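Read off the chains here:
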Amino acid sequence: MATSKANPESVTLRPYNVGFGDCFLLSFHYPGGARSRHILIDFGSNRLPQNAARNHMLKVANTIKKDCGGKLDVVIATHRHKDHISGFATNKKGTAPGDVIASCKPSIVIQPWTEDPTLPADAVSPHAEAHHHFSAALSQMQQFASAVVDEMPRRAFGWSTNLISKARNNADSAKNPSARNNLNHMAPSKLYVKRGDKLDLSKELPGVKVTVLGPPTLEDGTLTYASNSKEYWLSVRNAWATQRYSQQVSKLPESIPIEARWFVNASKRVHLEETQQLVTLVDSFLNNTSVVLLFEAAGKKLLFPGDAQLENWRGVLDNEKLSQLLSDVDVYKVGHHGSRNATPKRLWEKFKYRSKDEKKKRLRTVMSTMAGVYQDTNEVPRKTLVAALKAESKLYDTETIKDVCDRDPLEL
Amino acid sequence: MAAQTSSTAAGATRAKIVPTQELRIVAEWLDGDPVSADVEVPYEQPEPGPRGYRVHVVDFDATTGRWRAPVHIPVTVARKPDIEDPSLHAQNVYAIVMRTLARFEFALGRNVGWSFRGGHQISIAPHAFQGVNAFYSRRDRGLFFGYTYDGSKNLYTCLSHDVVAHETTHALLDGLREGYLYASIPEQAAFHEGFADIVALLSIFSIRDVVGAVLNRFANQARQRGKRTPGARPVRRLGSRVIDYRDFTATAIRNSAFGGLADGLGDRGAALRRSAAIPPGKKREDREPHSMGELLVAAMMNTFIDVWLKRIEPLRVNSNIMDADRVAEEGATAAAHLLTMAIRALDYCPSAEITFADYLSALLTADYEVQVDDSKYHYRDVLRRSFKSYGIEANKTNGSEENLWEMPRLPLDYRYTHFEALQRDEDAMFRFIWQNRQGLEVRNEAYVQVRSLRPCVRLSSDGFTVRETVAEYVEMVRLRAEELRGYKISKPEHMPDNLSVTLFGGGVLILDEYGRVKYHVKQSITNVPRQERFLKYLWSTGAYTGETQANKGFAAIHRSRFLGAPINREDEYGYF
Numbered sequence: 001m002a003t004s005k006a007n008p009e010s011v012t013l014r015p016y017n018v019g020f021g022d023c024f025l026l027s028f029h030y031p032g033g034a035r036s037r038h039i040l041i042d043f044g045s046n047r048l049p050q051n052a053a054r055n056h057m058l059k060v061a062n063t064i065k066k067d068c069g070g071k072l073d074v075v076i077a078t079h080r081h082k083d084h085i086s087g088f089a090t091n092k093k094g095t096a097p098g099d100v101i102a103s104c105k106p107s108i109v110i111q112p113w114t115e116d117p118t119l120p121a122d123a124v125s126p127h128a129e130a131h132h133h134f135s136a137a138l139s140q141m142q143q144f145a146s147a148v149v150d151e152m153p154r155r156a157f158g159w160s161t162n163l164i165s166k167a168r169n170n171a172d173s174a175k176n177p178s179a180r181n182n183l184n185h186m187a188p189s190k191l192y193v194k195r196g197d198k199l200d201l202s203k204e205l206p207g208v209k210v211t212v213l214g215p216p217t218l219e220d221g222t223l224t225y226a227s228n229s230k231e232y233w234l235s236v237r238n239a240w241a242t243q244r245y246s247q248q249v250s251k252l253p254e255s256i257p258i259e260a261r262w263f264v265n266a267s268k269r270v271h272l273e274e275t276q277q278l279v280t281l282v283d284s285f286l287n288n289t290s291v292v293l294l295f296e297a298a299g300k301k302l303l304f305p306g307d308a309q310l311e312n313w314r315g316v317l318d319n320e321k322l323s324q325l326l327s328d329v330d331v332y333k334v335g336h337h338g339s340r341n342a343t344p345k346r347l348w349e350k351f352k353y354r355s356k357d358e359k360k361k362r363l364r365t366v367m368s369t370m371a372g373v374y375q376d377t378n379e380v381p382r383k384t385l386v387a388a389l390k391a392e393s394k395l396y397d398t399e400t401i402k403d404v405c406d407r408d409p410l411e412l
Numbered sequence: 001m002a003a004q005t006s007s008t009a010a011g012a013t014r015a016k017i018v019p020t021q022e023l024r025i026v027a028e029w030l031d032g033d034p035v036s037a038d039v040e041v042p043y044e045q046p047e048p049g050p051r052g053y054r055v056h057v058v059d060f061d062a063t064t065g066r067w068r069a070p071v072h073i074p075v076t077v078a079r080k081p082d083i084e085d086p087s088l089h090a091q092n093v094y095a096i097v098m099r100t101l102a103r104f105e106f107a108l109g110r111n112v113g114w115s116f117r118g119g120h121q122i123s124i125a126p127h128a129f130q131g132v133n134a135f136y137s138r139r140d141r142g143l144f145f146g147y148t149y150d151g152s153k154n155l156y157t158c159l160s161h162d163v164v165a166h167e168t169t170h171a172l173l174d175g176l177r178e179g180y181l182y183a184s185i186p187e188q189a190a191f192h193e194g195f196a197d198i199v200a201l202l203s204i205f206s207i208r209d210v211v212g213a214v215l216n217r218f219a220n221q222a223r224q225r226g227k228r229t230p231g232a233r234p235v236r237r238l239g240s241r242v243i244d245y246r247d248f249t250a251t252a253i254r255n256s257a258f259g260g261l262a263d264g265l266g267d268r269g270a271a272l273r274r275s276a277a278i279p280p281g282k283k284r285e286d287r288e289p290h291s292m293g294e295l296l297v298a299a300m301m302n303t304f305i306d307v308w309l310k311r312i313e314p315l316r317v318n319s320n321i322m323d324a325d326r327v328a329e330e331g332a333t334a335a336a337h338l339l340t341m342a343i344r345a346l347d348y349c350p351s352a353e354i355t356f357a358d359y360l361s362a363l364l365t366a367d368y369e370v371q372v373d374d375s376k377y378h379y380r381d382v383l384r385r386s387f388k389s390y391g392i393e394a395n396k397t398n399g400s401e402e403n404l405w406e407m408p409r410l411p412l413d414y415r416y417t418h419f420e421a422l423q424r425d426e427d428a429m430f431r432f433i434w435q436n437r438q439g440l441e442v443r444n445e446a447y448v449q450v451r452s453l454r455p456c457v458r459l460s461s462d463g464f465t466v467r468e469t470v471a472e473y474v475e476m477v478r479l480r481a482e483e484l485r486g487y488k489i490s491k492p493e494h495m496p497d498n499l500s501v502t503l504f505g506g507g508v509l510i511l512d513e514y515g516r517v518k519y520h521v522k523q524s525i526t527n528v529p530r531q532e533r534f535l536k537y538l539w540s541t542g543a544y545t546g547e548t549q550a551n552k553g554f555a556a557i558h559r560s561r562f563l564g565a566p567i568n569r570e571d572e573y574g575y576f
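As you go down the protein sequences, you meet chains A and B in turn.
As numbered in the numbering used here, residues 1 to 412 make up the first sequence, in order.
As numbered in the numbering used here, residues 1 to 576 make up the second sequence, in order.
Note that these hints are calculated values from the structure, not bench results.
Any given hint might turn out to be false.
Covered, in the sense of this in silico footprint (three residues per stretch, anywhere, with C-beta under 8 angstroms from a C-beta of chain A), are these stretches of chain B [to be verified]:
(1) 52 to 65
(2) 126 to 135
(3) 142 to 155
Lysine-lysine pairs mimicking DSSO-like chemistry, simulated, CA-CA at most 27 angstroms apart [what the hints assert, rightly or not]:
(4) A/350 to A/194
(5) A/345 to B/536
(6) A/394 to A/350
(7) A/383 to A/360
(8) A/321 to B/536
(9) A/321 to A/300
(10) A/300 to A/71
(11) A/268 to B/153
(12) A/209 to A/350
(13) A/66 to A/93
(14) A/190 to A/105
(15) A/230 to B/153
(16) A/390 to A/350
(17) A/350 to A/361
(18) A/390 to A/361
(19) A/350 to B/491
(20) A/92 to A/105
(21) A/209 to A/194
(22) A/345 to B/491
(23) B/536 to A/350
(24) A/203 to A/190
Some but not every residue of chain B turned toward chain A, in silico, with C-beta under 10 angstroms [claimed, not checked]:
(25) 47
(26) 48
(27) 49
(28) 494
(29) 555
(30) 562
(31) 564
(32) 565
(33) 576
Keep in mind that this is a model prediction, so the values were computed, not measured.
Cβ atoms here follow ideal geometry from the backbone N, Cα and C, with glycine treated the same way.
Chain A with its partners taken away, still in its complex shape (with noise of 0.2 angstroms):
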């Protein structure tokens, strides 16, 4: 890339620990004591890190003012995940983090598509409606996920660590909407952004190539739902509106028939695993939302896919064009928290510069997660993937990180 002025000369990144969940401060910064540019990416988490302080986000959220210099330039909220929000949320007083990142004055907030308040008001789109019922059907969602988690105290039985965290984490709880608020309200422009979109961004981060990768819209067809339409949306919509997951009313009787006993407890079992099924269905719905965005900026690529799955990635992989870029790409931060379902090997071959080599130039991945939050058989993070991210990859764990941040940023 051309150097000129205007463009960046180098690049950082502070990833900060927020036990699970996802935070990082991505600088530009330009010759000529220019005023650096500043990104952060996600802010939220679903387990603090062990031993953190009751109010550790709050030290997180001074800590991204500090670093950031007070100003902010661009915030990015890659999908409505607890996880990766919950730090945004703010509170009457006006000390809570979300305050605090509020204060910092973002220019641009960019979020998905899903998350824009005036879905349906684009009907120049064909799917505009579809999309509009897509987006209310994910706040059924959540509604269901919540009242699983209300009940979570009287009916644990059969519920895993893992489970639990993942209802705890798809739930519309007190802070997300508070969270999402502040989102739409903290900064002058908003962003919902979709795959294909033309970023102009030069105002804000001048020099800085940004190329929106995910998530893909309905009429994508990679998403693999049944359909399309907009009668197909409403119905599945509706669907989900009426899902319920009320309080036992009663208690059984001591008398049921003998021959009736064995099906009732069948009955409780196929009841566990469908509610459980639709959790994770719900948890997987919100993972491909994820904005994924590639920057290009000071002679380097820098891949953010949020917690996008293989559904989000498909429609990159299955493009030329598009997965021509990811061939190149210097820093990969690591999506889902090091999950199994978010990096796809083919998605992980495509990058070029992985090498076990050492001297040679390498990719660098960072990946933001805590161990022992999601367990057994699905581990978070998936240790088969962390081998081959240490393996090929320069990595950069966020459980390394003591307190808040104990280091100098990674300079890219």
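Knowing the structure of chain A, use the given hints to seat chain B on it.
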């Protein structure tokens, strides 16, 4: 009552056997209102539940933990039923399941079991949980029907004839072809879904009261749109309701008559309406199971419309005005006949990896066997045409008629086996297969097992009964991926050499009344394109790494249909 005693002149008593009893059910929902009907089900005196010889209704709600006491049937139900009455729900599922079972037994000419090892009584939870889903679970030997609340009223899936018949069909099909539930090509899952919808729709249309209600709706709409049909009002001159033949077109039936079906169930009915109303010429490249299944449904429903229209032609006497009751009757008859054909075809279906083309061959062959002369309503021609118009290619065969299954190519050795034993003794059948392994193209190295052996009786067109025996056997070869080369099968890209994979094959033998094999529906282990397609699909969807959704059962399949879950697509070869 079934066994009534009656006095004879001599004073002795003799039992009078009544084979069926009438129960009132909610047969359909039209424009949000329930349509009740009295249907005949096999007679029995069940225990409270009802708990009969094939069905056990257990009213336990796992979401709320609510248990309802067993119900005594028959339950008295008003013409306009109280849809909140839980005892109606119990009677409804009992009656529809028993009726569907009876339809299968009637078509196949024998008792039909629930599933391979599933026991005799299926358990049914009419209010299983809160949620729009409903499904059959082989593991739990049961049918589970969810219920929801849409903000103004409760929606019970157990009150939908479509849903109950659909789930019952899954259970019965599973009993007949166990292999269709194993992970395989998407067309197989599509067949399970499509066939269940076909049975659900045709069994509704075989109820005269329902066809009558559908026609009422049709007539009213036609009148509102200024068509010639004078509406549902009785026309005095004719003494009954009438329909104008010119209004009653295939498109009108598709749009208007099917349009209101299953309406009253929230959106569970939408998918069914959509598939029934797809016009011919619609082809989909999509390999998604539901879209594919919908085409199969559309092809059958289009056949139904065609035959129905043919059957009512003679009802026009000197004018285009037809008696609506007679039109309804012909519709019900056509639906019942097609339903019998659709079910009878199952005996002629392959043991695994069924395609729509296979099903069409099975349909045509099964019908040919009982009705060689098809000149009256041309059911078989209409089927061929209809399937073709939805882009379903037929098998190219050298059977007695186009697309029919073929006779075995090589002569078979019938020595050392006995007809009597071949009809019911699986070991005897195995001996027959083994001694004819060359003629039946069974691989020497394969593990071979007779999966089912079923004698059946059908009524032939000449009025005589025809005995047939249907034997289903499977072949399995387990090997390392690198050994696929020996079969000239290319292993999928990136599949490790030492991965253990299984090749499946097998066949269905139809024995005639002399015990001779008249059809052999073969799936050869060495069919390279078939095996490559199978392996590639399973590998790409993660079946060998435990990631597949392909065999997670109907709960998952139905979830994707109603709750928008992503479905399996051919794609990745793996994750870390």
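Hints versus structure:
no.: 1; hint: 52 to 65; verdict: holds (count 7)
no.: 2; hint: 126 to 135; verdict: holds (count 6)
no.: 3; hint: 142 to 155; verdict: holds (count 7)
no.: 4; hint: A/350 to A/194; verdict: 22 angstroms, holds
no.: 5; hint: A/345 to B/536; verdict: 17 angstroms, holds
no.: 6; hint: A/394 to A/350; verdict: 16 angstroms, holds
no.: 7; hint: A/383 to A/360; verdict: 25 angstroms, holds
no.: 8; hint: A/321 to B/536; verdict: 26 angstroms, holds
no.: 9; hint: A/321 to A/300; verdict: 19 angstroms, holds
no.: 10; hint: A/300 to A/71; verdict: 24 angstroms, holds
no.: 11; hint: A/268 to B/153; verdict: 25 angstroms, holds
no.: 12; hint: A/209 to A/350; verdict: 20 angstroms, holds
no.: 13; hint: A/66 to A/93; verdict: 21 angstroms, holds
no.: 14; hint: A/190 to A/105; verdict: 13 angstroms, holds
no.: 15; hint: A/230 to B/153; verdict: 24 angstroms, holds
no.: 16; hint: A/390 to A/350; verdict: 17 angstroms, holds
no.: 17; hint: A/350 to A/361; verdict: 16 angstroms, holds
no.: 18; hint: A/390 to A/361; verdict: 15 angstroms, holds
no.: 19; hint: A/350 to B/491; verdict: 23 angstroms, holds
no.: 20; hint: A/92 to A/105; verdict: 18 angstroms, holds
no.: 21; hint: A/209 to A/194; verdict: 16 angstroms, holds
no.: 22; hint: A/345 to B/491; verdict: 19 angstroms, holds
no.: 23; hint: B/536 to A/350; verdict: 22 angstroms, holds
no.: 24; hint: A/203 to A/190; verdict: 14 angstroms, holds
no.: 25; hint: 47; verdict: 8 angstroms, holds
no.: 26; hint: 48; verdict: 9 angstroms, holds
no.: 27; hint: 49; verdict: 8 angstroms, holds
no.: 28; hint: 494; verdict: 8 angstroms, holds
no.: 29; hint: 555; verdict: 6 angstroms, holds
no.: 30; hint: 562; verdict: 5 angstroms, holds
no.: 31; hint: 564; verdict: 4 angstroms, holds
no.: 32; hint: 565; verdict: 5 angstroms, holds
no.: 33; hint: 576; verdict: 4 angstroms, holds
The structure fails none of the hints (numbered hints given earlier).
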